[in-house]
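Student: Once you've looked at the hints, dock chain B against the given chain A.
Listed below, chain by chain, are the residues.
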Amino acid sequence: MILHSTINSNKTDILVEKFLQLVQNGANTDEILVLVQNGRKKKNFVEKIKKNSPVGNIGNLNVFSFFGLARNFIEKNWAHVENSIRYPNPCVFGHLCGLEASQYIFKNCIKEIEFKGYNSKVNLLHQLLRRYSLIVQNALSDNEIKIRENILHESYCSEVREAIKLYKLKTLEHRAFDYLRQVSIFEYLYKQVKNPYKYVILDDGDEITPAVFEYLKHIKKDVKEFFVAQDPCGSSRLGYLSATHIDFEKFLNEKAIDLRENSIKIQNAKNIFENVKNKTPVSAKNIDIKGFVRRDEMIFKTIEQIENLIKNGVKPNEIAVVTPLCDRYLRFCFNKIKQDVFFLSGSEKLNQNPHVGAIIEILKLANTDDCYLSAFILKGILLEILKINGDEAIEISQNYAYKNQEYKTFVKEYLKNIKNPDIEDFLNFLEEIKNAPLSEQLYKICTKYTQIDIKNQNAILKLNKLAKQIADFEDIFGSDFQKTTLIEQLENTIISENPLSEDEIPKNSIVIASAQKLIDSEICVKHLFLLDCSNSDWIKQDIGMLYNSWVFQKNWNKNEFNSNDNIELTLDRTARILYKLYLCQSEKMYVYSSIYDSLGMENFGAIDKFFTIAQTDKVKKSMQINPRDDQKPVLEYKSGKMAVSAVAGSGKTTIMLALIFKLLEGEIIKNLKSENIFVLTFMDSAARNFKERIKQNYPDMVEMPQISTIHGLALRILKENNNYTFLGLDNDFEIIDENKRREIIASATVNAGLDYSKTDLYERAISDFKNDGENLKNIKSPSFKRIFTTYNSEMKENNFLDYDDLLIFALKLLKTNSDVLNYYQNLARVIIEDEAQDSSPVQQELLNLIGGKWGNIIRCGDVNQAITATFSNSDVKGFKKFIKENPNVEMNKSQRCAIKIIDYANKIIDRASKLAPEAFLNIKMQPVEGKNANNNDAITLKLFEKSQDEKEFIFEKITKIKKQYPQKTIGILLRSNWQIKTFCDFLEGKNIKVQKDNYILNDNPVFKTVLAVFNFINDTKSKKNLEKCLNIMLEMPQYKDEGEILNYAQNKDFLSQEGSKYSLWWDLKYFLLKSTLTPMELVLEIGDFYYKNTLEFANVSMVYSIVDKIYQTHKSFEQTLLRLNEISNRVNKSAKFFSEEKTQNTDTIKVMTLHKSKGDEFDFVFIPELSADNLGLKIEDIKLKESSDFIQSIKQKPKTSETLKQEILEENYRLFYVGITRAKIRLYLTCAKTFKMYNKEKTQNPCEIFTNEVAK
Amino acid sequence: MNTFSVNSLKLLDKNIEDFINKYILHLDFLSYNQSAKSGERLHAMISYYLKGFDITKLTNSLNRDEKEILEKTLTLDIFKEKEKFIKSEETFLIKCCKDDLIFYLSGRFDAIFKDGEKYTIYDWKSKNIPQNPRDNLQSIVYLYCASKIFNTKNIAIKYISLENQQITQTNFEDENAYLERIFNIVKKLPKKYLT
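Chain order of the listed sequences is A and B. If you're matching positions, the first sequence starts at 7 in my numbering and goes up one per residue. If you're matching positions, the second sequence starts at 2 in my numbering and goes up one per residue.
If you are wondering where the hints come from, they were derived from the structure by calculation, not from laboratory data.
Pulled a few chain B residues facing chain A out of the computed Cβ check, cut under 10 Å:
| no. | residue |
| --- | --- |
| 1 | 52 |
| 2 | 54 |
| 3 | 56 |
| 4 | 62 |
Some residues of chain B that are not near chain A, with every Cβ distance over 12 Å (derived):
| no. | residue |
| --- | --- |
| 5 | 115 |
| 6 | 126 |
| 7 | 129 |
| 8 | 171 |
Glycine included, every Cβ here is placed at the ideal spot set by N, Cα and C.
The following block holds chain A by itself, in its conformation from the complex:
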């Protein structure tokens, strides 16, 4: 009997009824095999049989999950298996172990086989296991594997074959079989043993694996009757999880009975299934679609919505949340709901629980005498395990930290000198247990130190898992392993990796799960929230370097595999998953997404694309703009290429936005979708600004145009549809952050025998070299060769890509893979590029490639503002050429600057035409009638004797302006970063609030606070550390009256009770005692305590992610903190903090470099320290850096010194032009003739504008 059914059609009840009927009609339960997909369903099936059976003998139930079938078969027939194994040393039982033990074996096999040139060592094991899983679950023969190796042109196939063969032999030798190995033994075994089953009941026939189906095929001849329930649109486990779609009608040669009710719900679900496959969005009345800017907004809105539902009588177990990103941040937010929440997904390491973490550390202590411990962990043991009082525990652990710092001290040695009966007892206990097997040690530690009560339930369950794993190891290897190595491996085990650990779902909880887990557990609710729908993890594709989930399917029958196969198959699986998810709800499905993920990185879009709001609900345009005459042609754009050269302040951003709106509303190109519009910006902040403004205009818009920097686009190209596999990149590649990159280059530089200070130079050189494409063989500098080679191998080893790689790889992919190119060419119907003057040759090539099909390319910029050419790879010539060859809209009117300033800027262009003719295009700025300020005192040029006088002058002016025009904005623009610090220090010394660019981590208040608390926790004794932390904490409004605490901290022991009159003392102590948590959880605690508004909390999540990332590599609180302190003052691109809408704050003065000022405007602008050295405006003033010869030497076509000088001169003019055109009302240009350096007065030449008459 075949039932076509869904999870809503009571199929399990029908199958249970069939089971009971069989028994009633005389079948023995031993003859009935029931197969279900997983352990949870098995339990459910058994309970139903129990419930519906009559009183008396129920019988021996053979209800198995797909994996359980294999396990049970082996257990029953172990003697047969053992007799078939050729190795001696038999075992009474096979070790049917968890993955941990077999991974340990696999790891050792890999060591024996050399994978030459395989770069991602961490991942090799993972990849091999996945491949092995596919081979086993698809029951692939050696020949079938060979065919697949050929289809995929695999370069590692022989190594892989050898590794797997060795692995199989070793598991036989040890009799150690994890759930996959069990399946492969089963495949051998069932052919040897008589089949006991006459009836087969198969629930979840759509999720069956080929391995299980092969078994059914084998026993078919003995089976009297099959009962199969199957959802024809099911099979959500296609791909890596190896479900296969079986035509049971053909297999059993009978017609299926269709149990699927003919409801609107089923119809909608089928629509979802079909539409997703056809890539057309679905809308349904009970699907609520919302897009948010930030992830935290999405999470908080969900929580709010859930709270409302509960208020209105919905029960918690009628609500479920599905997301592929069940990280600790999400957990933390959801744990704040007053309802019980059960997480059915997300990986968790054993040592994440403080108690379990401490017990693992004790195991380490018991087995090593010469062991150092981090003070942070020691504190955890003292507090969590020995229950020593807080103050004493802190005292003991911090003293240890000091002692260990001074002269390395073993922790046991140190503890011996502490007079505390609990500690003495603890040390004696460690001595007593040290020679016992690990499992006995663990048992004894737990019995002594873990209280059995419900508060400890989580820890106990985990400890039992740990005990089980250790027992597995001891059973398999006896004493043939290093205890400490094993402990280290086990503490990093991710619990959810094991399919056997399926915790029971509490009855009254909101369930938060991954899509697959929700489907697998058949959790049906009224309200189902799908979160992070724009995150690509939703449609993660299972392809790796050594495994291909599609080609390794049993039914793969094509001779080749291309990217379209991958897209189609992934889409098919996504359709099945969304279909099943829709069936899991009965009232409403909420599809929520956010533009940015929790690190502030953009999401590329995923399943959000498949849902759409019904047309009538769409919000019509709200922004109206009246373009000026010079702007109009932009909005009259129809198609093709167009250049827009826009002078400073001409309203370029607004008009581009208006153009995007027009495109979005379909007024220019018919049937244009959001996804067809590609906008490229130079800075991330600009991309973010565009997105936020589009979102403001269309709050209900779910799918945004592709708006990003060129690096964002390149990343999308590499990641989307798993394109990276075509470049042989591994899926765990990571974009290296600047700090890590610098770290690698710095150590390579020092190791090459060069001074650390050369790091900057090599950072630049490596980037230039990569972009230039020169061959390393042709480079003369041996040190560069050495440094570059080290850098490259480090990058490969760690599977890192740098920003240059991103672009180079994306370009390479587009050039070499026509499928990928076609995909983007079809998609990119309109491309708009902002700041086109800063575009690099690679960017321009990429843009031309993806714009190649439709040819609608709009490039906006101002060649006169190209200020990055001399230090980056930008190439203004490309844009100049584009302007010449295509229709060009000149937006040369600007209402920003005072008329006098406009005149001055235009004169600079004239002046440059003599000294640096290539510097500018002759586009002169014009005022907008009646709009620009017309004050006579718009420009002040002033030369001072001493630099101190210059600063005092600026200070005086600022004070005056602030008094006279408190609402006006002021900016100070400087040539270099180092000048910013001196200027800020000076102004802050005069009590003037300054705001630096929010670029270094420590400028973010959340980061700064977390770091201060961390530093405090790490060391409460050092007066210097305390002062620094307290000063930061005192900046918070709630502590503003507690300044005296600084005095107290200097004179007393900070933790003594005398501090208790300060609330800051209490709060810091609270965190100190909380500090047995992992650093990430501490971040959330601190964040939750201090930051209430959502924007700040979004930044908490970002700090959390930064700490998480560091902790993953550094693994201890102390090391993580060290690294956090290192990076706190550096520029960080890997996290993009959110800040309030850029309404200009008139309270503070902005101090920034001339370069950074582009895009900004201020009422009053100061450009001080304009010496000839700082900003040479005639060729004699230009001095090349010593390093420039070297940089040129690694290029294919080195430039001469003269050319370089000329280029710098040109750029200096443009930089100066950018600076002056920031000013709306007044501009102050100043310089001093002398300045102080190391207490010596030095003279300097003012720049040309102070000496040249025209400029004056």
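Tutor: Leaving out everything else, chain B in the frame of chain A:
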């Protein structure tokens, strides 16, 4: 929680809190017991033997003491009467109902032999066998369940000490008294835990 084994009933009888901790909240540490492992090995070997597997190779995995015990055990009369052997390591699940309370009993018979109409359940004990088998909770549960499975009252349970081959046994007596005894233990569990 609705299914009880002999061990869980024993604990429930002894201490309700311990029972809840272990079987409902799972607040219990996997115990560490080497002699229990040895017992399991011998059980398995006997079962393989009874099922007709060749155990020559497997015997090599036993230590000297274990080998000796196994050899001695297999010389017992019962192993000479293979035709009477029915099943070994047979799991069971029995549904019980008394006073509106429904619960289940589960467990595993080490071996079952049938002589004429009489069924005998064999239970190998690593060391000590119950001195008073008639009153032993295991006897009560096993005899009650076996009577349901084989639909007869002609049943006995035999305990054999593997260490010294001592044997004790008891026959099926009173079904109602058995159920009453089991029911009185199950009743101890607060109702909210019974699902």
